[in-house]
Each structure stands twice: as C-alpha cells, then as structure tokens.
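Chains as they are written, first to last, in numbering that gives the first Met the number 0: chain A, 0 to 156; chain B, 0 to 176; chain C, 0 to 393.
Derived from the structure by calculation, the hints contain no laboratory data.
Hints may be right or wrong, so weigh each one.
Okay, derived cross-link-like pairs now, DMTMM-like style, lysine to aspartate or glutamate, Cα gap no bigger than 20 Å in a straight line [said to hold, decoys possible]: (1) A:LYS127 x C:GLU26; (2) C:LYS198 x C:ASP310; (3) C:LYS332 x C:ASP32; (4) B:LYS91 x C:GLU139; (5) C:LYS129 x A:GLU97; (6) B:LYS91 x B:GLU17; (7) C:LYS51 x B:ASP131; (8) C:LYS332 x B:ASP131; (9) B:LYS150 x B:GLU98; (10) C:LYS51 x B:GLU98; (11) B:LYS150 x A:GLU39; (12) C:LYS86 x C:GLU285; (13) B:LYS150 x C:ASP180; (14) C:LYS51 x B:GLU17; (15) A:LYS127 x C:ASP32; (16) B:LYS91 x C:GLU81; (17) B:LYS150 x C:GLU26; (18) C:LYS129 x A:ASP37; (19) C:LYS129 x C:GLU81; (20) C:LYS332 x C:GLU26; (21) C:LYS51 x C:ASP310; (22) C:LYS129 x C:ASP180.
Below, a sample of chain C positions facing chain A; criterion: calculated Cβ distance under 10 Å [stated by the list, open to error]: (23) SER38; (24) LEU113; (25) PHE124; (26) TRP126; (27) LYS129; (28) GLU132; (29) HIS193; (30) LEU364; (31) THR368; (32) LEU372; (33) ALA376.
Here the structure is a predicted model, which means the values were calculated and not measured.
Ideal placement from N, C-alpha and C gives every residue a C-beta, glycine not left out.
Each chain, written out:
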Amino acid sequence: MALRMWALRKSLWVYHVNVGACNNCDIEVLELLTPRYDIERFGMILVGSPRHADVLAVTGVCTRQAMPRLQELYLQTAKPCVVMAIGSCALAQGIFTEAYHMGLPVDEAIRAVDPNAIILYVPGCPPKPEAMIDAAVKGMAYLKTLGKPAAKASGKA
Amino acid sequence: MTTVPTQEGITLTGFVGEVIKRLGRLVVDVQQCQPRRGIVRIDPDATVEVARQLLAMSGSRLATATGIEVRDGIDILYHWCFEPEGVVLTVKALAARPELAIDSIAPVVPAANWIEREMHDLLGAQFRNHPDMRRLILDDSWPQGVHPLRKDFDQVLDRPPLPSAPTDGGGPKEAGP
Amino acid sequence: MSHRTVINIGPFHPLQEEAEFFQLYVEGETVVDVDVRISYNHRGIEKLDESKTFDQVPFVVERVCGICSASHPLAYVQAVEEIAQVKVPERALYLRTIVNELERLHSHLLWVGLAGHFLGYNTVFMWAWKYREPVMEILEITTGSRVNYANCKIGGVRRDMTAEQLQQIDRVCVDLVGPLDMLTKAVLDDPVLHARLKKVGVLTPADAKAYGATGPTARGSGVAIDVRRDDPYAAYDRLDWQVITAPDGDVFSKAVVRLLECFEAAKIIRQCVRDIPGGEIDAKVEAIPPGEGVGHVEAPRGETFHYVRSDGSNRPVRHKIRAPSYNNIPTFKASCVGLQIPDVAITLASVDPCYSCTERMCVALDAQTRKPLYDFAELVRLSQLKTQQMRKEW
Chain A
0 MALRMWALRK SLWVYHVNVG ACNNCDIEVL ELLTPRYDIE RFGMILVGSP
50 RHADVLAVTG VCTRQAMPRL QELYLQTAKP CVVMAIGSCA LAQGIFTEAY
100 HMGLPVDEAI RAVDPNAIIL YVPGCPPKPE AMIDAAVKGM AYLKTLGKPA
150 AKASGKA
Chain B
0 MTTVPTQEGI TLTGFVGEVI KRLGRLVVDV QQCQPRRGIV RIDPDATVEV
50 ARQLLAMSGS RLATATGIEV RDGIDILYHW CFEPEGVVLT VKALAARPEL
100 AIDSIAPVVP AANWIEREMH DLLGAQFRNH PDMRRLILDD SWPQGVHPLR
150 KDFDQVLDRP PLPSAPTDGG GPKEAGP
Chain C
0 MSHRTVINIG PFHPLQEEAE FFQLYVEGET VVDVDVRISY NHRGIEKLDE
50 SKTFDQVPFV VERVCGICSA SHPLAYVQAV EEIAQVKVPE RALYLRTIVN
100 ELERLHSHLL WVGLAGHFLG YNTVFMWAWK YREPVMEILE ITTGSRVNYA
150 NCKIGGVRRD MTAEQLQQID RVCVDLVGPL DMLTKAVLDD PVLHARLKKV
200 GVLTPADAKA YGATGPTARG SGVAIDVRRD DPYAAYDRLD WQVITAPDGD
250 VFSKAVVRLL ECFEAAKIIR QCVRDIPGGE IDAKVEAIPP GEGVGHVEAP
300 RGETFHYVRS DGSNRPVRHK IRAPSYNNIP TFKASCVGLQ IPDVAITLAS
350 VDPCYSCTER MCVALDAQTR KPLYDFAELV RLSQLKTQQM RKEW
C-alpha cells in the first residue's frame, strides 16, 4: 500500500466521464492538456480505461440514464480512486435540480455503491482550469495522508 | 387560384404569401403572413402532402417541430425554413384528443424522424407510419405513458423512481502494493 | 510533445455492452448502419424553462451546450423580441455580434485541434488549442467568463464594452491571422491529409436538405445557407463578409469551411470594433405580450432554432430548443454507411457534435452478432494508425 501511495504522489492517471454535462466543464478539462495549463508536468495524464484510473473526473448532473453507468464505472476503478466532481452540476446538479430527468447527484450516486468513497468537489460553472489543477494538487496531498498509518480517515487501506 | 382562409387583417403577399397560396386548400387558416414569418394551420390529415410539397420547393428544409399540449389535443408545429429568402413558415396540425395521432412525415422528410420520436416520448403524440418509433430521449427506466411535457406533469413531484444501482460485479477492488 | 493517452487494448470493452450513444454496425471492415441514443445528456431543459421567468431563461439555456453557449441565449431572446416587437439598440446588436463571432473562433479552433488529434496530428491539437487561449481570455476580460457569457438579455445586452476592451479584441483578431494561416496551410497543403480526408464521409446536397442539416455540415456539401446572411440578425447585414462553402461534401470540405470561417469571423469582429455606434445597450423591455416567436442564429455548428410561446404572464408557456447537432448528427445515416472503420472517428468528428458525447459513447458492433468491437478511443487510435501508415507509404 505504501508503495502505491508513493507511486501516486508522482503521477495521477485521470479517467474523465461526462454524465450529462453541457460540455463547458469538459472542454476546460481538455484545456488542462494543452500548453497553457499542461497537467502533464504534474505527471497527470488522461487514460482510456477506468481500470487504469486513480482519479475519476466527473462532469455533469448525472442524468437518470447516466447514473447506473457512473456507478458501474466507479466499481470498475482500482481503489483508492478519488472522484473529482467538477463543476456545479457535478456538485449538486447546478441549475438543473428541479428538472425531471435527473438521477441522484454525483456524490450520492457514488456513495450509494461505496459509502467510503473519497470525493473532491471543484465548484464553478465551469471551474477555471486553474481551479481544477488546484483541486488535483489538493487531492494528491490528501492521498499522501492516506499512506500514513495514523490517517485511516476514510477507512480505505 | 383557390382562396385561402385568412384571419382578419392578413393579406397574402411576398414570398410567404406565395408559399401559402401554393399550398392552397390544404391550409385551413392563416394566422400570420409577414415578410419573413408565416404561421398557418393545416388539416391534420394533410401533414404528409403538405410536407411533400414544402420539401419539393427549392431552398426549403425542415428546421424542427414543436409539440404543445393545448386544450383540444397536441398541436404539432412544423417549422420550415426557406433560403435564401430567410423565411420561417410554421405549419400547425392538431393531433386531437383522444387519439392524439397524426400521420408521420418522416417517411417523406428524414429530418422529422428524431423530432417526432421526441414528441412521442415527451408528449405522447402518436405518429402513424413512423419508420422507427423507438424511445429516443427519455432513459431506459422511464415508464411508458408518462409524458413530462404535459401540463399536468410536475417536474419535481411526478418524477418516476430512479433506476437501481448496479450490484457489485465490477473489476479489481484494489491494486496490490 | 506527444499527447499520451493510454488506450484500452483489446477488442472487447467491458463496459460497452449496451447502447450508449453512437452505435455503428459493421460487417468486416465496413460500416453498414448507424444508430444514436441521446437520453444520456437529456436534462429536461424545455420543461425547466416553463418554470422560469423570461429573464431567467437565458442563464439556463446558455448551459444547453457549452460550446454554443452564446448562440442559445441569443436565439431565445430574439424569439421573445419577436413576440414583444422589440427594437434592440444598435450598439447592443454590434456587441452581440462580437461575442458570437468570438465564440465561433474558439469553437472552430477547438474543432481543428480535435480533428488533428483524431488524425494523429497532435501538434495541430496543441497549437490550435494554444491559439484559442487569447480568444478565451478576451472573452473573460469583456464578458466575465471564458465560457457562459451571460451577455444577452431580452431587449439588448447586459454588459457594455469599453473602448479599450474593444481595442484589445481587435488586437486578438489581428494576432490570430498568422496562426490561422499556419493551421490552414497545415491542412490544405498536406498530401497525407488530402488522402485521408478527401472523399471520406461524403454527404450529398440532397441528403443535407432532406435531413435539414445546417452549418459547416451543409456548407461543406456546397449548400450555401447561413442564417447570418439569409435571415440577418444582430449586426450581420451591416457588415461585409462572405458565406464560406466547399463543394465536395467530404470531411476535407468541412474542414476547409471551418478554417476559412475563422478568417471571416476575425474580419467581422474587426469591422464591429471599427463601426460600433455609441448609445444604449438595452431596450428595457418590461412585459411580454401573448404571442409566439421564432429565433434562429448561426451557431458554430449550424442553425440554433428556438420557438417561444407566451400567454402574457411572466413565464414562457412553451420553449422549444433545437441545437444544430440535432439535425446534423442523423446525417451519419447517409455519410457513415460504407465507411471503413479507421475513417469513422474523423467522419463523426466532421459533423462537430459535442465532443463529450462522442468521446466515451461510440461503439462499433458486429452487425450480425451485435457484439461490441471497438469503443471510441479505439476508433481514434485506428484512425491515428491509418495516418501513420499512409505517411510511411507516401
């Protein structure tokens, strides 16, 4: 476990999933790859499979159709996997809370299948790329604390 | 030329007027005839014939269609655009209660395929002879017969129960050290 | 610098067992049918708008689609202005034009980058997105946000721009011409791209009309329709600019249209900065009478169409929203059938659907067994491999 935490400190692999977003957050996530923001300098890359992911970057309100898929995806990821809820929609369904096609909000949907899930909240509509980088860095710092024997806060070890 | 019934104060002039006159007796009422905007009501049994004629005109295309629940049924508004005149002609056909059905124009106008499926999902309008009337826009767990755009559907209080979470059958739980 | 994406190797993707978004049915190496489900992103916005007041609606609809985020509110307010017979002040019309053309610039550059990525030209991806940044920045400086501008209201615009900000916008447009030139030449002069993109994913003019396709999807088939010219709104009929078309209906033509439209957008913006009059920016509309109205604008992807019905209260009775991709995506039935699998990714991209919808949601299935074969990430990889192979053979 300690070795894994050490490896995570160096590079995070991010799997991005859109569960009903307007694409603003999604294109800002893609911005992170481009020369201006360049998350690769942190060792972070986007991966093509949830099985390789350390971070599940979720955008969108989590529609009814997307909800079971999101839960399935989360179960597929190797733990520990931090869920990064990006944007007002992923936090609490943004301006769409009253709409009829909503599933559970992202954090409730994930906690329904894993009550101990680690969830990072990145507010904004959309959050600026700087905010996402800040969140990722904070996430990495938090994961570091999990490696220490004393900090079994979330119960995952 | 057959006279087209128009509302008071409306004269059939300009490009819009010409198009309406060409539709002739298929039009039962003209609600608006302006340089770039027209609204007509047609006989609901004539949707396919009107669509065929409008599509055959040069520079026409079906932009989209709007379904609205009204007292007498579901009003289907087909919005046709004409370029380069920059005209939008809205053609209204009422799918009357209780059947709420009209003939689909999708066999003639492929652009109508999705939007008729959507109006079926959200309003319960029936489109006779639609080539592919499957669910388009509501999710798999949404019950049949519940139409969210109806006026008696409350978007918060009338939501159907959510789909259930998948059971834990996923991949590796934790990578080894 | 290469864009490192780890692609799941292997034909069977564990998640793609059921239809998500795009399904392509293949026999051998050839696509025989396409199907699309769109419930994934459905958020019920039309119903939601019936519970909002007229001036709350623009904030909702700019989140219909992030990349067309200036077009939806503009189409909506135009529909309501038609009902209320509002005369929008001149200055507001120019301000609307500037924001919408800046949006077109950043949207097309985004597309160029993605197309480059799908084809394996990752430098194009990086450059296109790098040169997008000044456009995003100037939008943030003038409207307050990189995306979601909240600049339109019924009767005008919410925020003015200072003379200095307008000069900054002008400078961004001037500075963009060089990079646009470079990107255009990178596409037009590259023989491998010609080989990859020409005659691929062809949409005939007749099919474009039958499906109601608009925007570069239609103009790339030689269909010369553009709402800005045909049913002018904002300040477009006061400015000098061209409708860009290309004749062949293939992916190459659509790429050419988008690239050349970037030059026109810069031209339009510079004219607006030069000609914008002073005066009010808001007609201060107080009540919306009963009636119905239609508003359509030329979004980067094509025509965005809104219909609004009012009953005299302060909420819309009905608000119909039709994004351009709704008519453009079904054209896949016409343009994808007969394609070879490595050409699928770029053909899907050529219609410019919202990136996220296609990214994870496209599956190629065997037509007989319905077994999943490739997901979108693999289709992109196959596309990139094909380019590599062609480069070697060239």
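Evaluation of the provided hints:
Pair hint LYS127 (chain A) plus GLU26 (chain C) does not hold up; C-alpha atoms about 44 Å apart against a cutoff of 20 Å. A distance of roughly 50 Å separates the Cα atoms of LYS198 (chain C) and ASP310 (chain C); the hinted pair therefore is violated under the 20 Å criterion. Taking the CA atoms of LYS332 (chain C) and ASP32 (chain C), the gap is about 7 Å. The hint holds against a cut of 20 Å. Using a Cα cut-off of 20 Å, the hinted pair LYS91 (chain B) and GLU139 (chain C) is violated, with the two alpha carbons roughly 42 Å apart.
Taking the CA atoms of LYS129 (chain C) and GLU97 (chain A), the gap is about 38 Å. The hint is violated against a cut of 20 Å. Between the alpha carbons of LYS91 (chain B) and GLU17 (chain B) the distance comes to roughly 18 Å, so the proposed pair stays at or under 20 Å and holds. A C-alpha spacing of about 34 Å is found between LYS51 (chain C) and ASP131 (chain B), which places the hinted pair above 20 Å, so the restraint is violated. A hinted pair counts as satisfied when its Cα atoms are at most 20 Å apart, and LYS332 (chain C) with ASP131 (chain B) qualifies at roughly 13 Å.
As the CA atoms of LYS150 (chain B) and GLU98 (chain B) are separated by approximately 17 Å, the hinted pair is consistent with the 20 Å bound. For a cut-off of 20 Å, the pair hint linking LYS51 (chain C) to GLU98 (chain B) is broken: about 31 Å separates their Cα positions. Of the supplied pair hints, the one linking LYS150 (chain B) and GLU39 (chain A) is violated, its CA atoms being roughly 51 Å apart against a limit of 20 Å. The hinted pair formed by LYS86 (chain C) and GLU285 (chain C) meets the criterion: a straight-line CA distance of about 13 Å does not exceed 20 Å.
For a cut-off of 20 Å, the pair hint linking LYS150 (chain B) to ASP180 (chain C) is broken: about 53 Å separates their Cα positions. Straight-line distance between C-alpha atoms of LYS51 (chain C) and GLU17 (chain B) comes to about 38 Å, which puts the hinted pair past the 20 Å bound. Between the alpha carbons of LYS127 (chain A) and ASP32 (chain C) the distance comes to roughly 40 Å, so the proposed pair goes past 20 Å and is violated. Between LYS91 (chain B) and GLU81 (chain C), the direct Cα distance comes to roughly 19 Å. Compliance with the 20 Å bound is thereby established for this hinted pair.
Between LYS150 (chain B) and GLU26 (chain C) the alpha-carbon distance is near 46 Å, which puts this suggested pair outside the 20 Å criterion. A threshold of 20 Å between alpha carbons decides the hint, and for LYS129 (chain C) with ASP37 (chain A) the separation of about 11 Å falls inside it, so the pair holds. Distance restraint check for LYS129 (chain C) and GLU81 (chain C): the Cα-Cα separation of roughly 39 Å exceeds the 20 Å cut-off, and the hinted pair is therefore not satisfied. A hinted pair counts as satisfied when its Cα atoms are at most 20 Å apart, and LYS332 (chain C) with GLU26 (chain C) qualifies at roughly 16 Å.
Among the hinted pairs, LYS51 (chain C) with ASP310 (chain C) is consistent with the structure: their alpha-carbon atoms are about 14 Å apart, no more than 20 Å. Taken as a hint, the LYS129 (chain C) and ASP180 (chain C) pair is honoured in the structure, with Cα atoms around 15 Å apart against an allowance of 20 Å. A hinted interface residue such as SER38 (chain C) counts as satisfied when its beta carbon comes closer than 10 Å to some beta carbon of chain A; here the least separation is about 4 Å, so the hint holds. The criterion of a C-beta within 10 Å of any C-beta in chain A is met by LEU113 (chain C), whose closest approach is roughly 8 Å, and the hint holds.
The restraint placing PHE124 (chain C) at the interface with chain A holds, with a minimum CB-CB distance near 8 Å, inside the 10 Å limit. Interface hint status for TRP126 (chain C): upheld, as the beta-carbon distance to the closest one in chain A is roughly 8 Å, under 10 Å. The closest approach between the C-beta of LYS129 (chain C) and any C-beta of chain A is roughly 5 Å, which is under the 10 Å cut-off, so the hint is satisfied. Interface hint status for GLU132 (chain C): upheld, as the beta-carbon distance to the closest one in chain A is roughly 5 Å, under 10 Å.
Hint status for HIS193 (chain C) relative to chain A: violated, with the closest Cβ pair at about 26 Å, above 10 Å. Checking LEU364 (chain C) against chain A: minimum C-beta separation of about 17 Å lies over 10 Å; hint violated. Contact between THR368 (chain C) and chain A, as hinted, is not supported at the beta carbon level, the nearest pair being about 23 Å apart and thus beyond 10 Å. A least Cβ separation of about 16 Å between LEU372 (chain C) and chain A goes past the 10 Å threshold, and the interface hint is therefore violated.
Contact between ALA376 (chain C) and chain A, as hinted, is supported at the beta carbon level, the nearest pair being about 4 Å apart and thus within 10 Å.
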